[in-house]
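Given only the sequences and the hints, what does the whole structure look like? Please build it.
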Amino acid sequence: MLQFQKWKLILVFGVVLAGFIFALPNVIPASTLAKLPDWLPHDQVSLGLDLQGGAHLLYQIDDKELVDDWLGTIRGDVRERLRSNRIGYTGLQKNVASRSVSVRIREASQVDKAYDELKKLAVPISNDVFGGFSGYDLDVERKGSDGVTLSVTDAGLNSRISSAIQASIETIRRRVDAFGTTEPSIQRQGRNRILVQVPGVSDVQRLKTLIGETGKLEFKLVDPNANAAEVAASKKVPPGDELVYSDRKPPVPYVLKDQVLVSGESLVDSQPGFDQRTGEPVVTFRFDAAGARRFGRVTQDNVGLPFAIVLDNKVITAPVIREPILGGTGQISGNFSVQQANDLAILLRSGALPAKLTVIEERTVGASLGADSIESGKKAAIVGLLLVVAFMFVGYGLFGLFANLALLINVVLIFAVLSLIGATLTLPGIAGIVLVIGIAVDANVLINERIREEIRSGKSPLASADSGYSRALTTIIDSNVTTLIAVLVLFWLGSGPVRGFAVTLTIGILTSMFTAVTVTRMMVAYWLRWARPKSLPL
Amino acid sequence: MFRGITFIPPNTKIDFVGQRAITWFVSAFLTIVPLVLVATVGLNMGIDFQGGTLIEVKTKANPADLAEIRSKLNGLGLGEVQIQQFGAPDEVLIRIASQPTEAEQQVSIAKVKKTLGDTVEYRRTEIVGPTISSELIAGGTVAVVVAMIGIMIYVWFRFEWQFAVAAIASLVHDVTATIGLYSLLQLEFNVSSIAAILTIIGYSLNDKVVIFDRIRENLRKYKRMPMVELLDLSINEMLSRAVLTHVTTFLAMLPFLFFGGEAIYGFAVAMCFGVVIGAYSSIFVASPMQLILGVRRDAFSPSAAGAKDRTGAAVRA
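Heads up: the sequence lines are chains A and B, in that order. In this text, residue positions in the first sequence follow numbering that gives the first Met the number 0: the first is 0, and each later residue adds one. In this text, residue positions in the second sequence follow numbering that gives the first Met the number 0: the first is 0, and each later residue adds one.
In case anyone wonders, no lab produced these hints; they're calculated from the structure. It is possible that some hints are incorrect.
[As the list claims (entries may be wrong)] What follows is a set of in silico ranges between Cβ atoms, one per label pair, in the way DEER data are often shown:
1) A:P318 <-> B:Q83: 36 to 42 Å
2) B:P225 <-> A:P536: 47 to 53 Å
3) A:D268 <-> B:A66: 52 to 58 Å
4) A:D268 <-> B:P62: 48 to 54 Å
5) A:K378 <-> B:P62: 23 to 29 Å
6) B:P225 <-> A:L419: 49 to 55 Å
7) A:K34 <-> B:Q83: 44 to 50 Å
8) B:G76 <-> A:R190: 34 to 40 Å
9) B:G41 <-> A:R173: 53 to 59 Å
10) A:R173 <-> B:K59: 34 to 40 Å
11) B:G41 <-> A:R190: 32 to 38 Å
12) B:S133 <-> A:K118: 40 to 46 Å
[What the hints assert, rightly or not] Take a look, some chain A residues computed to stay more than 12 Å from chain B by CB distance:
13) L35
14) Q43
15) T181
16) S184
17) F273
18) V319
19) G493
Note that the structure is predicted; figures quoted are calculated from it, not measured. No residue lacks a Cβ here, since even glycine has one placed at the ideal position from N, Cα and C.
And the structure:
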């Protein structure tokens with residue numbers, strides 16, 4: 000009991016000292032912290048959204064729309080493939096319910112050839128984990144004597160969703176970064192979800208609009224032969240055309256040719272600006288080389304005719320082409336406010352989302368509530384700690400004091416570990432620390448009660464302390480492991496604040512095993528050696 | 000020298016298990032009444048499990064004019080709208096029933112914000128769509144069940160199956176009693192309630208393991224002591240520890256009831272209750288259950304583990 004190996008002593012001291020050093024940045028004002036030398040740790044515990052305010056937005060990608068879009072692409076590919084091979088076909092259609100595209104071949108003699116050609120449309124997909132081959136994204140089958148069906152496979156859909164999620168995350172990141180907030184976190188969650196967490200954001204509505212907008216930009220020609228008002232009234236859209244409304248109130252109908260001249264993918268840059276003549280806010284854009292060439296050719300061929308700039312299936316503006324636009328740059332005007340022009344530029348610059356995203360969970364906390372929560376959490380925690388410390392001292396005297404010292408070290412270690420691993424502290428997390436105080440104290444209660452029993456059975460102070468520690472240990476481990484099981488489940492289940500609770504509790508239970516057992520034991524041993532008491536004050 | 004005060008004198012001889020006729024009745028009451036309460040009164044389900052929108056605002060007018068806010072929002076046709084004061088007199092909590100789709104939910108909150116305009120400051124907004132709420136219900140249930148199974152396996156592994164069964168039975172008792180408290184006080188039942196329940200499970204079990212540990216030790220030590228006496232002895236020996244630990248944990252959580260703020264109030268109430276109910280069930284549910292389950296007297300004798308040992312046989316002879 001009395002003798003500690005030197006390395007053990009150094010290790011314990013080292014851990015406690017390291018704990019203090021790593022926890023220190025949390026109590027130093029930021030201005031002082033900046034002046035400290037680089038080799039000292041600077042990481043502070045980061046506060047959860049519930050304490051510093053911010054937005055937590057969980058988005059889900061629209062599977063149905065994704066499939067629908069994909070089937071549209073497949074249909075186009077089938078048409079192109081059959082035409083280029085001069086194969087006559089009929090009844091080319093997509094079937095959303097069965098996630099497939101079917102077609103019938105006119106000439107019986109060409110069915111085999113068509114089947115072989117269409118089979119080439121199926122792309123092998125690689126397995127996420129091993130990078131190995133795990134099937135094709137399409138199942139191409141012959142139906143009856145003249146039919147061919149291309150259906151989307153589950154593996155194909157999953158890899159499609161995966162890449163859509165990846166692309167969306169990139170797009171959202173560009174948009175949120177442009178929004179100018181600090182340390183947003185954007186991560187995939189589950190199969191088809193994205194969690195966006197933005198600390199300290201005040202205008203959540205604007206953030207949501209910016210993230211949720213698909214941002215699909217298309218340049219299309221207005222059909223000069225159609226009367227938009229008539230078409231809108233009769234709903235008889237001429238073949239090859241489509242009816243699109245403007246984003247104004249009330250919406251103005253336009254009849255556009257359904258061929259996309261240039262799309263947003265050809266944009267390399269877009270910036271908010273002001274029109275040089277009118278001074279109204281506009282968005283300027285620049286095409287890449289191929290886009291600029293195509294746009295130049297189209298405008299050259301259609302001087303004097305109007306074209307439409309369509310964003311997410313809404314006409315923003317439909318100017319008349321006065322002269323060929325050959326330089327690859329242009330501007331969009333549409334009665335924007337400065338902020339709208341700014342947001343539209345961000346939207347265009349960040350690229351389109353591959354599919355629609357829906358907010359399925361939203362939790363936002365204002366900065367003032369966060370500050371209030373920190374205050375109340377702090378107050379409750381400090382009062383709780385003081386009550387425990389006082390009670391332990393009353394109950395166990397000097398041994399209570401040892402336990403209390405260990406308790407303070409434990410709190411310091413919790414903050415050190417939290418800072419070190421970059422975990423976030425939430426309001427339930429603060430409650431978790433306080434609960435750990437209760438649990439950590441239990442270890443000392445168990446030890447002290449055991450020592451009392453040993454004293455009563457007539458053992459010497461030294462022997463009592465020794466067997467008190469060693470015999471209480473299994474109980475302490477057993478009881479802490481069971482608590483840990485429950486807490487780990489909580490970690491696995493929870494998100495946000497609840498997870499913060501599980502994190503502090505887990506860390507606290509682990510560090511408490513060290514402080515409540517090893518550290519107090521060392522204190523007791525040194526005290527015994529120094530005081531050589533005839534009886535223990537328990 | 001600072002000597003601690005001994006709150007509980009050593010060698011108490013309270014017959015906790017001896018009085019089991021009465022305490023079984025109390026335990027049954029604590030298990031059944033909550034179920035009746037939940038069935039009749041029901042739980043005050045938060046938006047986590049029901050879906051819906053929750054907005055916490057601070058009004059520019061102090062105190063807030065609840066009637067005005069109510070009449071403004073009721074005109075929007077968003078279904079059930081609840082408005083209540085929350086904390087300070089200028090703080091108001093608005094709850095809007097779940098809308099059929101996530102998109103409509105977004106529309107509804109935009110309407111509310113437009114209606115209230117600049118008269119309020121938004122402190123908190125939570126929108127939970129139907130997809131998430133059903134997942135949270137499933138997730139919460141699974142978590143509680145998984146935690147119980149994990150704990151059962153651990154206790155079985157470390158002790159005997161009888162102890163595992165007794166632990167689970169008393170945890171079921173604790174969980175139903177806690178849910179009953181939520182129903183009785185009409186505290187909002189949400190994800191942090193599940194967190195509270197899981198924590199209570201962990202804490203309560205911690206306490207049971209400590210007593211089981213002592214029962215195991217005493218089974219080895221006193222091979223002929225009648226079981227009821229042995230259980231009471233074990234509980235009495237651990238009484239001082241139980242009181243000190245539960246009082247400290249309770250004292251630690253108590254300030255959260257008064258200073259923790261509204262956000263954590265329900266959690267703090269449940270935790271304080273959990274400390275008490277966990278302490279109760281260790282003594283009055285988990286321990287006497289050993290009598291019913293009939294733990295083998297030699298379960299923990301060194302001889303029981305391996306082949307018949309001469310010393311073990313001698314003791315029993």
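Each hint, compared with the structure:
1. A:P318 <-> B:Q83: 36 to 42 Å: Once the Cβ atoms are compared, 53 Å apart, the range 36 to 42 Å for Q83 (chain B) and P318 (chain A) is violated.
2. B:P225 <-> A:P536: 47 to 53 Å: About 37 Å separates the Cβ atoms of P225 (chain B) and P536 (chain A), which means 47 to 53 Å is violated.
3. A:D268 <-> B:A66: 52 to 58 Å: 54 Å, holds
4. A:D268 <-> B:P62: 48 to 54 Å: 53 Å, holds
5. A:K378 <-> B:P62: 23 to 29 Å: 24 Å, holds
6. B:P225 <-> A:L419: 49 to 55 Å: 54 Å, holds
7. A:K34 <-> B:Q83: 44 to 50 Å: 49 Å, holds
8. B:G76 <-> A:R190: 34 to 40 Å: Hint holds: Cβ distance 35 Å, inside 34 to 40 Å.
9. B:G41 <-> A:R173: 53 to 59 Å: Since G41 (chain B) and R173 (chain A) have Cβ atoms about 47 Å apart, the given range 53 to 59 Å is violated.
10. A:R173 <-> B:K59: 34 to 40 Å: 37 Å, holds
11. B:G41 <-> A:R190: 32 to 38 Å: 34 Å, holds
12. B:S133 <-> A:K118: 40 to 46 Å: 41 Å, holds
13. L35: Non-interface label on L35 (chain A) holds, nearest chain B Cβ at 33 Å vs cutoff 12 Å.
14. Q43: Holds: least Cβ distance 22 Å, greater than 12 Å.
15. T181: 20 Å, holds
16. S184: Consistent with the label, S184 (chain A) stays out of reach of chain B, its closest Cβ about 19 Å off (over 12 Å).
17. F273: 29 Å, holds
18. V319: Holds, because the least Cβ-Cβ distance between V319 (chain A) and chain B comes to about 36 Å, which exceeds 12 Å.
19. G493: 6 Å, violated
Consistency note: the structure conflicts with the earlier hints numbered 1, 2, 9, 19.
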